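These protein sequences, in sequence, are chains Z and X.
Each residue of the first sequence is one higher than the one before, starting from 870 at the first, in the working numbering.
Each residue of the second sequence is one higher than the one before, starting from 870 at the first, in the working numbering.
If you're looking for bench data, these hints aren't it; they were derived computationally from the structure.
Don't take every hint at face value.
Taking lysine-lysine and the BS3-like style, the derived pairs with C-alpha atoms no more than 27 Å apart in a straight line are [as the list claims (entries may be wrong)]:
#, chain 1, residue 1, chain 2, residue 2
1, X, Lys-1396, X, Lys-1382
2, Z, Lys-1391, Z, Lys-1159
3, Z, Lys-1273, Z, Lys-1308
4, Z, Lys-1308, Z, Lys-1211
5, X, Lys-1211, Z, Lys-1169
6, X, Lys-1308, X, Lys-1396
7, Z, Lys-935, Z, Lys-1036
8, X, Lys-1211, X, Lys-1308
9, Z, Lys-1036, Z, Lys-1025
10, Z, Lys-1169, X, Lys-1169
11, X, Lys-1136, X, Lys-1169
12, Z, Lys-1211, X, Lys-1308
13, X, Lys-1169, X, Lys-1211
14, X, Lys-1211, Z, Lys-1136
15, Z, Lys-1211, X, Lys-1136
Listing some non-contacts, in silico: residues in chain Z with all C-beta distances to chain X over 10 Å [what the hints assert, rightly or not]:
#, residue
16, Phe-892
17, Val-920
18, Asp-996
19, Ala-1003
20, Gln-1008
21, Thr-1048
22, Asn-1065
23, Val-1128
24, Leu-1225
25, Glu-1245
26, Ala-1332
Only a predicted model underlies this, so the values are computations on that prediction, with no experimental measurement involved.
For glycine and all other residues, C-beta sits at the position ideal for the given N, C-alpha and C.
There are 2 protein chains.
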Amino acid sequence: MNIYQHGLDQCQANSVPLTPINFLSRTASVFPGRTAIIHGSRHISYRTFQVEVNRFASALVKRGVKTGDTVAIIAANIPAFIEAHFAVPMTGAVLNSLNTRLDAQALAYILDHGECDVLLVDTAFSDVMRKALALSSRQPLVIDIVDPECTESSAKIGELDFETLLKEGHDVFEDNFITDEWQAMALNYTSGTTGNPKGVVYSHRGAYLNALGHTLIWPMPEPPVYLWTLPMFHCNGWCFPWTIVAVGGTQVCLRQVEVGAITTAMKEHHVTHFCGAPIVLNMIMNADQKYLTGVPRNIKVMTAGAPPPAAVIKGMESLGFDITQTYGLTEVYGPCVVSEWKSEWDDRDSDKRAALKARQGVRYPTEEAVDVLDPETMEPVPADAETIGEIMFRGNTTMKGYLKNETATENAFADGWFHSGDLAVKHPDGFIEIRDRSKDIIISGGENISSVEVEGILYQHPAILEAAVVARPDEKWGETPCAFVTVKDGFVLSEDEVIEFCREHMARFKAPKSIVFSDLPKTSTGKIQKFVLREKVRSLFG
Amino acid sequence: MNIYQHGLDQCQANSVPLTPINFLSRTASVFPGRTAIIHGSRHISYRTFQVEVNRFASALVKRGVKTGDTVAIIAANIPAFIEAHFAVPMTGAVLNSLNTRLDAQALAYILDHGECDVLLVDTAFSDVMRKALALSSRQPLVIDIVDPECTESSAKIGELDFETLLKEGHDVFEDNFITDEWQAMALNYTSGTTGNPKGVVYSHRGAYLNALGHTLIWPMPEPPVYLWTLPMFHCNGWCFPWTIVAVGGTQVCLRQVEVGAITTAMKEHHVTHFCGAPIVLNMIMNADQKYLTGVPRNIKVMTAGAPPPAAVIKGMESLGFDITQTYGLTEVYGPCVVSEWKSEWDDRDSDKRAALKARQGVRYPTEEAVDVLDPETMEPVPADAETIGEIMFRGNTTMKGYLKNETATENAFADGWFHSGDLAVKHPDGFIEIRDRSKDIIISGGENISSVEVEGILYQHPAILEAAVVARPDEKWGETPCAFVTVKDGFVLSEDEVIEFCREHMARFKAPKSIVFSDLPKTSTGKIQKFVLREKVRSLFG
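If we strip away everything but chain Z, and leave its shape as in the complex, we get (with noise of 0.2 Å):
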């Protein structure tokens, strides 16, 4: 017993869960005018916002929400889901949002693992929604929202609808059922491309800080005009519902990521900063120029979820926009490892610069560790830009685990380490670079071949839209790597010449064997799908 374990304890006045929610209230009543939340023609103050939170947040209560309950969401990026990500863990419930894309067979799953309480359905998403409702076994309360932005809409499926919910609540929401920071919050299943997917759960403190995180490492000095083109189903928009509304920013609303969309929403509502995948700045990079023209310059761009080829930063570095790159996993709350830059790196070239940004990074100050470990070991590899290792997490912003499956927790969690899964080297300067999923490796007479190398120099030719790397079965080698490529507009290009540019480019080795030009399937976060590739692998050489 030393004098500081006496008469110092946690009390009302000095200790509250750490959550996110509590943002909002901070920055409604200091800039109650202050726009919050564009989407069309309307413009929602943050007085408003916090309104509508209140009434949706009482509403949900009303109708017998409580603390653990489960309310799933499946919507367009649109103000009631960015309301969502406050009212719900607001009644201390869950908020589980449902990926666009998946089929009803899928949906039909989540909504029963995550034992569904309360579902809210975008009507443009209401077929596939009534038919998962008729595979589960859930019989939640269906509430539609009718988006006046969306053309697509089908008929309504539910008891009632979003605005007649809202009319239920109060305007002010004085309970409160955060009572445990560590409490549950989110809970976003992964795209397992195998087996069923995993839910994972986000704690109120996770999630506060991971808000928090991006402020520290991506530089909003005055208030950002933040654009949605990142689906907010996706690691809940990284954790950028919170952190926008905690700086105070403008969130804009987008239904459909498009490059006319995207360039318009830009030039109108001058945005500072938007969310990315690569595949999302490709696709703005390659966008005709009568779209491009008037694009504000140094719009901020976060970009992660796959690792971006040197030439797609470099392109759209080109193009006046100010790249940062960062990784991350659902299972960390989205991206927490950044490649931050260092101003003596100013003067290299362009190629030189995109290849250094090119590379993972280093922690953000609100993850406590991120290393490269030999996962037999547990050891970090040495930093020789060399030895591969697998990228483990240690810190307040990984996940609390996966719902209701205790083995797949205790195993991403062996060793008191998160495992991502993920295969990178460490550079002698500590940043680590990713060279593959565990599952994309191409292992060619013993030797490891990083696909996404091979696709950084792939993207380096001319004429090469995109490109993604599998490996091909192959008697003597074991296996090859076999190259998928779309080719821009304009162009043509023979297998051969795309084996040769390889071939001067790398070790012979690691050069692709065959080349098979196509279009590439793509998630909805704009992940190329390498099982997909993997597949037409096997029917076209299997």
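For chain Z, the structure is supplied; the task is to place chain X on it using the hints.
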């Protein structure tokens, strides 16, 4: 039992105690070559900073320092003091920063009450500490800090010096003694003007959150160059030793807070940020032009510690400084209320802007509640800019309590709020504005007169350099205001002129009835010592 209450527990991988100490290992590994500290001609890189901190901490552990011990330090703003902010808490011990202006008796009281185990003494303060040790019942290990920049150094009084201590340590420190974020990490005695000072105890959690809180309200998009004008012993330099490390900035040390040294450092090191009491700002504002020429424009200044008169804000801004006004107390880790600026005020004239900025403002996002309550009913006062109540705090950046003083702790935390003792009004926009310390309010004929308000008017007089107002006993009115005034060089001013000026600018009953021309006694943090003025009033008019 809901589905989220099983199999989702805290473990090593997802739960790490929050501590600002962790910022150092992150910044040192990402930016090892960046300058962390400048002191005279010495530039300390983050690599060296971390090595010195590790040597410091491991040497303390070797010497027997353990969790819950008290390590006191008395020093100017020098590198060893910054390092102590990391090294001491790393051992699990508590850093007790001593006010350099205290006398031997007060220091002896603190050594005894805080049960000092180790004492670090900048030799500039060895005379008073030798006396304090003689008066104290403690026999701590005493370590001398011999600062090469110190020109008024006295004899060593310790068992060893700081450089020798560092040699006893190791470059690497791998033990982790921070097992609980609620653990005590700092002990700061308030400068109580009556009775014995109280020992305010900080936790790792609170310090982490307030350190991050600053970054949310004070823009630091580029790594800041932070000048130490604020004494580091004051609320741990308002948590800035940790904040600046979190954002990878440079801390410029400064032994003497005087205009020549301050402005020279600003020019030489391209200072971007500093903190200071209004009295420091007043000193800069009234400095000879020779000092001000060449000072970089747009230096960001955080001021707190006393309500700054609007005239001081206006004067500093006209010189090109960018003022952020904050408010706090030792008990809330320094500032945690900020006078947030709204862009719609940009167009107001400079007087109106200064008046808006002179209000204390709103809570930091990291402190969960700040309000003005009626201390009897504990209800919020109406937001009418008139009704006076007491400022109260609730949240994670409120102290653990007062060391070994359960009665004071219970009183301070009565009804679940920390009672600040500061009286304020709430404006219709929710911003709070201090009227007075409870003990500074003047009650004249039953009417409250805010000494701060009267001082604000006095500062508008072109011939007045400094002003302070206290109560003077009065047979008829009970009390009347008495103003102490310092006149600017080259000006002459009469009592009648000052009283007339006040009557022209405020309600007649609020105008001072007597004016005393004199220098103003100040604390080491630049606060005017009103209790000294009250004694003077008693001897003059008693």
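Quick one: which hint numbers does this structure break? Sort them smallest to largest.
4, 8, 12 and 16
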